[in-house]
Amino acid sequence: MTVKDAGRAASADSLPPSGPPESAEFIQLLTPEGERVEHPDYPLDISAEQVRTLYRDLVLVRRIDFEAIALQRQGELGIWASLLGQEAAQVGSGRALEPEDMAFPTYREHGVAWCRGLDPVKLLELFRGVSHGGWDPREYNFHLYTIVIGSQTLHATGYAMGIQRDGLLGEDGEAVIVYFGDGATSQGDVNEAFIWASVTNAPVVFFCQNNQWAISEPLERQSRVPLYRRAQGFGFPGVRVDGNDVLACLAVTRKAMQAAREGQGPTLIEAFTYRMGAHTTTDDPTRYRLAAELETWKLKDPIERVKAYLVRNELADEKFFTDLDAESDQLGARIRRACQQMPDPSPLSIFDNVYAEPDALLEAEREQYAAYLETFEEAVR
Amino acid sequence: MTRLTLSKALNEGLRKALEDDPKVLIMGEDVGKLGGVFRVTDGLQKDFGEARVVDTPLAESGIVGTAIGLALRGYRPVCEIQFDGFVFPAFDQITTQLAKMRYRSRGLLSLPVVIRIPCGGGIGAVEHHSESPEALFTHTAGLRVVACGDPADAYAMIQLSVRSDDPVIFFEPKRRYWDRAEVDTSADLTAALPLHQARTVVSGTDATVLCYGPMVKTCAAAALAAEKEGRSLEVIDLRSLAPLDIETIVGSVRRTGRCVVAHEAPVTGALGAEIAARITEECFYQLEAPVLRVGAFSTPYPPSKLEEHYLPDLDRVLDAVDRTFGY
Numbered sequence: 181m182t183v184k185d186a187g188r189a190a191s192a193d194s195l196p197p198s199g200p201p202e203s204a205e206f207i208q209l210l211t212p213e214g215e216r217v218e219h220p221d222y223p224l225d226i227s228a229e230q231v232r233t234l235y236r237d238l239v240l241v242r243r244i245d246f247e248a249i250a251l252q253r254q255g256e257l258g259i260w261a262s263l264l265g266q267e268a269a270q271v272g273s274g275r276a277l278e279p280e281d282m283a284f285p286t287y288r289e290h291g292v293a294w295c296r297g298l299d300p301v302k303l304l305e306l307f308r309g310v311s312h313g314g315w316d317p318r319e320y321n322f323h324l325y326t327i328v329i330g331s332q333t334l335h336a337t338g339y340a341m342g343i344q345r346d347g348l349l350g351e352d353g354e355a356v357i358v359y360f361g362d363g364a365t366s367q368g369d370v371n372e373a374f375i376w377a378s379v380t381n382a383p384v385v386f387f388c389q390n391n392q393w394a395i396s397e398p399l400e401r402q403s404r405v406p407l408y409r410r411a412q413g414f415g416f417p418g419v420r421v422d423g424n425d426v427l428a429c430l431a432v433t434r435k436a437m438q439a440a441r442e443g444q445g446p447t448l449i450e451a452f453t454y455r456m457g458a459h460t461t462t463d464d465p466t467r468y469r470l471a472a473e474l475e476t477w478k479l480k481d482p483i484e485r486v487k488a489y490l491v492r493n494e495l496a497d498e499k500f501f502t503d504l505d506a507e508s509d510q511l512g513a514r515i516r517r518a519c520q521q522m523p524d525p526s527p528l529s530i531f532d533n534v535y536a537e538p539d540a541l542l543e544a545e546r547e548q549y550a551a552y553l554e555t556f557e558e559a560v561r
Numbered sequence: 006m007t008r009l010t011l012s013k014a015l016n017e018g019l020r021k022a023l024e025d026d027p028k029v030l031i032m033g034e035d036v037g038k039l040g041g042v043f044r045v046t047d048g049l050q051k052d053f054g055e056a057r058v059v060d061t062p063l064a065e066s067g068i069v070g071t072a073i074g075l076a077l078r079g080y081r082p083v084c085e086i087q088f089d090g091f092v093f094p095a096f097d098q099i100t101t102q103l104a105k106m107r108y109r110s111r112g113l114l115s116l117p118v119v120i121r122i123p124c125g126g127g128i129g130a131v132e133h134h135s136e137s138p139e140a141l142f143t144h145t146a147g148l149r150v151v152a153c154g155d156p157a158d159a160y161a162m163i164q165l166s167v168r169s170d171d172p173v174i175f176f177e178p179k180r181r182y183w184d185r186a187e188v189d190t191s192a193d194l195t196a197a198l199p200l201h202q203a204r205t206v207v208s209g210t211d212a213t214v215l216c217y218g219p220m221v222k223t224c225a226a227a228a229l230a231a232e233k234e235g236r237s238l239e240v241i242d243l244r245s246l247a248p249l250d251i252e253t254i255v256g257s258v259r260r261t262g263r264c265v266v267a268h269e270a271p272v273t274g275a276l277g278a279e280i281a282a283r284i285t286e287e288c289f290y291q292l293e294a295p296v297l298r299v300g301a302f303s304t305p306y307p308p309s310k311l312e313e314h315y316l317p318d319l320d321r322v323l324d325a326v327d328r329t330f331g332y
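Here the protein sequences come in this chain order: G and S.
In case it helps, the numbering used here puts the first sequence at residues 181 to 561.
In case it helps, the numbering used here puts the second sequence at residues 6 to 332.
Quick caveat, the hints were computed from the structure, so don't treat them as lab data.
If you're wondering where the values come from, they're calculated on a predicted model, not measured in any experiment.
You may find that some hints are simply not true.
To give an idea of the interface, some chain G residues facing chain S are shown, with a C-beta separation under 7 Å as derived from the structure [as the list claims (entries may be wrong)]:
#, residue
1, Phe246
2, Val328
3, Arg345
4, Gly347
5, Ile375
The C-beta atom is built at its ideal place from N, Cα and C for all residues, glycine as well.
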């Protein structure tokens, strides 16, 4: 008996964490074939216009990702974390937010950033190495990308505790959503955030994109139970949604956010999806997973099913798709141009914004380095 | 003027901070009903309510991580870490998140969070209850690190720390919690010594002794003892460990030509090493002897029956002073 088998025998009654999701506990409103289905708990009244808008989001977000990967390959970016395959989870949840809601992302939430109105060019700054974050989080209610896995779940929970103290709960209240991955659920911080949110009944939605892989480690290395079931042990609801279904992600997130806003406390949403690309551009998934797995998930593509739905029901004409292609090309061109033209920061900006108040030792270092740089300029002269 | 213990002075300072700004919160383990294991927050929850003086779940990373979120929302949390040795679960949030937020947001986000840490030994405690981890924080850019040494200073310093827009790690010498001194709680805070200025506790001419936190009292006593032997020591309470008040340090050492740095932390890689290097650079031609360090041995903290040997005391400070005269 191997060590792995021993563990399995000991927890024979537990469910496999991945594998085919059970239908009753798997929220889906649009099948991979593009067929609209109803779920009694998640009625969704959505117009053709709104579905087309979501489709546009999905297509453009994938284009941003495509361009960024290409820019990395061309040496314009140091690294890029692709969202390929996770567009529906991000656009569905992102479009479920109200402007005053606050979102805390990981470093892969380019689709949520898009929904928050952030110019994708700003996302590139971090990956090009010209800043640690190119936007004002307060302007977009979208926090900076957090790279240390799971840290932001506590920030989101604390922020939600602030909303409680501000007295802003109610039908028109505010709530927080925090993104993290399947690997992050093993982090202490994520579990502490679950505890804090639970005992304080904080208005926060934990949105876990289970993309099946934490770099090279499959979900089985993180959990013996489906992730959404973890919530039960912490004392709040957990749901598993088809993360490749933009409509289901929209409906499930909307409901959880509304519950949070109204003071009903946190929800864990497990968006069951798949990381179709590499972890980042430095990763090589062929070393640890089979190509066949990717092929299976391609059949569940988050964009194709919306297209099939629109075409089959004649909700979008040819012109809609060709116009969108053109818009996508324009966006791609703009991103490429803006990235290539992004100036390097000045060397002395290293010393900026370490403290709110001036720091004499740091100022001395700045002056010394400025003088040192000056000697090179004099030498050139 | 009232005579207060250091613990009570901190309590009064926190009370004032809570009164002055409705955004100030206190959070930590047992800080509410119990008033903290050292009673520093005694009575505050009763007067300011459970939403402002928060008994948190028992997890240090959670305390600091949620404090960061509250600060992003406009609050000014004061976190209590129950003992020095328990700060490490929060070390990740402090160093990767709290310290860096202003920098990584290019100055857009402030995190006015204070983390109070009872520190140091000398109370006969079990392991993990007597440590001096300040160098781990002074090495981290973006944090302000301070240590109070007496009640009057503690009262002002905690309030100044709460008002700081930078995160502050606030060390409290736990073996001095019950020391009493006069504290003027009616004094205007704007007239107080700024948070990042060192304070000359004893003026002298023959050698400079730099110290902070629990060692301030020890070094002041050492100066008295030295005076009887005809040696005039200048004792400086650094107060701020990051940033260091180099001007005051250098001003004194240039006059005396000799310097001893005393702290409870083990000497290897500690603050004394940083200070010695700075003094060597700034006072090379005035130095009569190398800067000597007095601290704990470079070992883990020993069982408490041995702590008298482990912690630097008056005699070890004077021994180091003597050695500076041997060059």
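We went through each hint and held it up to the structure:
1. A hinted interface residue such as Phe246 (chain G) counts as satisfied when its beta carbon comes closer than 7 Å to some beta carbon of chain S; here the least separation is about 27 Å, so the hint is violated.
2. Interface hint at Val328 (chain G): satisfied, since its Cβ lies 5 Å from the closest Cβ of chain S, which is below the 7 Å cut-off.
3. A distance limit of 7 Å between C-beta atoms decides the matter here; for Arg345 (chain G) the minimum to chain S is near 6 Å, and the interface restraint holds.
4. With a least beta-carbon distance of about 10 Å to chain S, the hint placing Gly347 (chain G) at the interface is violated under the 7 Å criterion.
5. Annotation: interface hint on Ile375 (chain G) holds; nearest CB of chain S at approximately 5 Å, less than 7 Å.
In summary, the numbered hints that this structure violates are 1 and 4.
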